[in-house]
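> Note that the sequence shown covers residues 1 to 698 in the UniProt record's numbering.
The hints are simulated quantities; they were obtained by calculation from the structure and are not laboratory data.
Predicted model only: the values in this text are computed from it and were never measured.
There's no promise every hint is true.
Here are the simulated BS3-like pairs of lysine-lysine, each with C-alpha atoms no more than 25 Å apart in a straight line [as the list claims (entries may be wrong)]: (1) K149 / K600; (2) K191 / K673; (3) K326 / K434.
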Amino acid sequence: MGYAPSVFIRSLYYTSPALIGWTSRHAPRGRVSLLPYKRSNAASLKWACIIVTVSNKSNVSVLGFQIWFRLVGRLMHRVKRVKLEDETEGSWKSYSAFRMTAVDELSDSSEVVEMEDVPSQFFVEKHSWDGLRNIIHSSRKYTGMVINKAPHDFQFVQRQDESGPYSHRLYYLGMPYGSRENSLLYSEIPKKIRKEALLVLSWKQMLDHFQATPHHGVYSREEELLRERKRLGVFGITSYDYHAESGLFLFQASNSLFYCRDGGHNGFIQASPMKPVEIKTQCSGTRMDPKISPGDPTFMAFINSNDLWVASIETGEERRLTYCHKGMNNVKEDPKSAGIATFVIQEEFDRFTGYWWSPAAPEDPDGGKTLQLLYEEVDESEVELIHVPSPALEERKADVYRYPRTGSKNPQITFKLVEIRTDHLGRIVSTQDKELVLPFTTLFPGVEYIARAGWTKDGKYAWAVLLDRSQQRLQLVLLPPALFIPVTQDQAQREESVEAVPEGVHPFIIYEEITDIWINVHDIFYPFIQTNDDEITFLWANESKTGFCHLYKVTTLLQQGCYQWTRDYMQTEEDFKCPIKEEVTLTSGEWEVLARHGSKIWVNEATQLVYFQGTRDTPLEHHLYTVSYDSPGDMVRLTKPGFSHSCSISQNFDMFVSHYSNVSTPPCVHIYKLMGPESDPLHKEPEFWASMMEATGK
1 MGYAPSVFIR
11 SLYYTSPALI
21 GWTSRHAPRG
31 RVSLLPYKRS
41 NAASLKWACI
51 IVTVSNKSNV
61 SVLGFQIWFR
71 LVGRLMHRVK
81 RVKLEDETEG
91 SWKSYSAFRM
101 TAVDELSDSS
111 EVVEMEDVPS
121 QFFVEKHSWD
131 GLRNIIHSSR
141 KYTGMVINKA
151 PHDFQFVQRQ
161 DESGPYSHRL
171 YYLGMPYGSR
181 ENSLLYSEIP
191 KKIRKEALLV
201 LSWKQMLDHF
211 QATPHHGVYS
221 REEELLRERK
231 RLGVFGITSY
241 DYHAESGLFL
251 FQASNSLFYC
261 RDGGHNGFIQ
271 ASPMKPVEIK
281 TQCSGTRMDP
291 KISPGDPTFM
301 AFINSNDLWV
311 ASIETGEERR
321 LTYCHKGMNN
331 VKEDPKSAGI
341 ATFVIQEEFD
351 RFTGYWWSPA
361 APEDPDGGKT
371 LQLLYEEVDE
381 SEVELIHVPS
391 PALEERKADV
401 YRYPRTGSKN
411 PQITFKLVEI
421 RTDHLGRIVS
431 TQDKELVLPF
441 TTLFPGVEYI
451 ARAGWTKDGK
461 YAWAVLLDRS
471 QQRLQLVLLP
481 PALFIPVTQD
491 QAQREESVEA
501 VPEGVHPFII
511 YEEITDIWIN
521 VHDIFYPFIQ
531 TNDDEITFLW
541 ANESKTGFCH
551 LYKVTTLLQQ
561 GCYQWTRDYM
571 QTEEDFKCPI
581 KEEVTLTSGE
591 WEVLARHGSK
601 IWVNEATQLV
611 YFQGTRDTPL
621 EHHLYTVSYD
631 SPGDMVRLTK
641 PGFSHSCSIS
651 QNFDMFVSHY
661 SNVSTPPCVH
671 IYKLMGPESD
681 PLHKEPEFWA
691 SMMEATGK
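Using the sequences and the accompanying hints, generate a full structural model.
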């Protein structure tokens, strides 16, 4: 007899020396709570804590883990506490025998379970390292199949043929029957159905005989790290970019980039799948984070070796845009990157990109276009280096990372802008790298994190969500492109460029949150197109006002200042701050609008309705709701109670798809159509239209 050893495997956990506290004494009989992770105030990892609480409510011990692969970690937790009923034999169930039971019994992270007196004695089946590795590998395969069997990442495209039988084509990622990897699929949604019959849509392959997983499942180091930080346990196509007008799909697969077209101006494929086209390259290494230019879909951008590149999808012409990375293998001597989210930003704020295309592409008199890319430049030269043992990688003893420990220095960050000029034939004529008229730290003192960024819909402004280190002050900022000047080493040329910046061009701080706790960064920001140059209206989520995350419609006056950038500028606290003209509460109460971890809102400007997901009915269920942002008041739930839903809405707001389940019902994926008079769009009723997956998983 003996005690179960604590086995730490790199593929499961990293532990923090600062957070691990484990008493040598045995805890008395009590309760064990597996708590949800919380964010630390400083740049840090996300942690889940197992807290043993005794009758006097004191915390006896805390063991912090980073959740490297959450489900596998929970399975290992079950391994440590599940006993055989036949204690006379003193043996444990083998992993293969209880694997299905363990998966079925996994519950929410707030689960509280009774534990036996500690210490308790039991036998543990011994495994070699190879055996443990095989167990984990097997569980990952099974887990990925369970989690990703349901379709996800939906994209509705409305058909224009009035005489045809279908109203929409629905694109999505899913795992086809008999396959072990995700692929790009589609289904046809009929215009008419028989209400008395259950219509189950067929999943159709878009891609013909296409293997998206690299040969032998070998990913590049960059892909491995990104998959780990995104907690991806599946293979194949895990994301795609789509341009609706041209029908262009762009995705990463097999260590390369591919594209195909369906819909848009080119019409729809009929029965047979298509073969995707590989985008050739002269770059060495993996091309990461590919994105289509919304202003000109013949161009895309990607990251290669920590620098930003642009390429023509049709001609294959490539151009390197930034020169931050020196190409050295030594992390210590190559600390700069462009267009990449750092480790802290990925882990703490769930931002996995570092560049953003402008939606605008103004035409020049000669027929060419000007494309713009906003990107984040990072200098990690002052960030501490850590060495992490890597037993799974036999070719090297340790991995080296830049990681800012609590209290140490963060990376130095700034925004830059790239302009790409093309001619009337779509060829790249020139590229121009631009920087802010003053250093980022001068314009925004105290800011250490760029949590979110993007562009307004008309491309008039770039926007960013900025945070201080304690995460107690948040600023929503607009950046006019004219605030950026060409990068040059010639001081005289730089001074000329600074003088050319108009005095009225400066950042606008259009919203600010301050709290004495910390601010949870969310994904909800919807700027409306300006009807008045002196103000901007947007939808925003705020948690710090009431302690519950709710939606607000904010109108801010763009107060013009007068700043002479050629003189020694001294920033004051009130610089760039704009007064709020109106802030209208759209939702309220002791419940939350879902605004994090990829949650989004859908805004129908024609009917002045906003659709969102929240917990108004019960904190145990997520539902889809709608409310008017013009005259808020009545709020309508669109999904059926008793289940927790994850929804996506069509572009013309006439349909939505819901992936839902509860503790007794396996996941279902159903499509609903919103029916009712156009005179009262708020109270349209959802009508079941078709099924994509039933509870049996068939």
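> Decide, hint by hint, whether the structure agrees.
Each hint, compared with the structure:
| no. | hint | verdict |
| --- | --- | --- |
| 1 | K149 / K600 | holds, 23 Å |
| 2 | K191 / K673 | holds, 10 Å |
| 3 | K326 / K434 | holds, 20 Å |
Hint violations for this structure: none, all hints satisfied.
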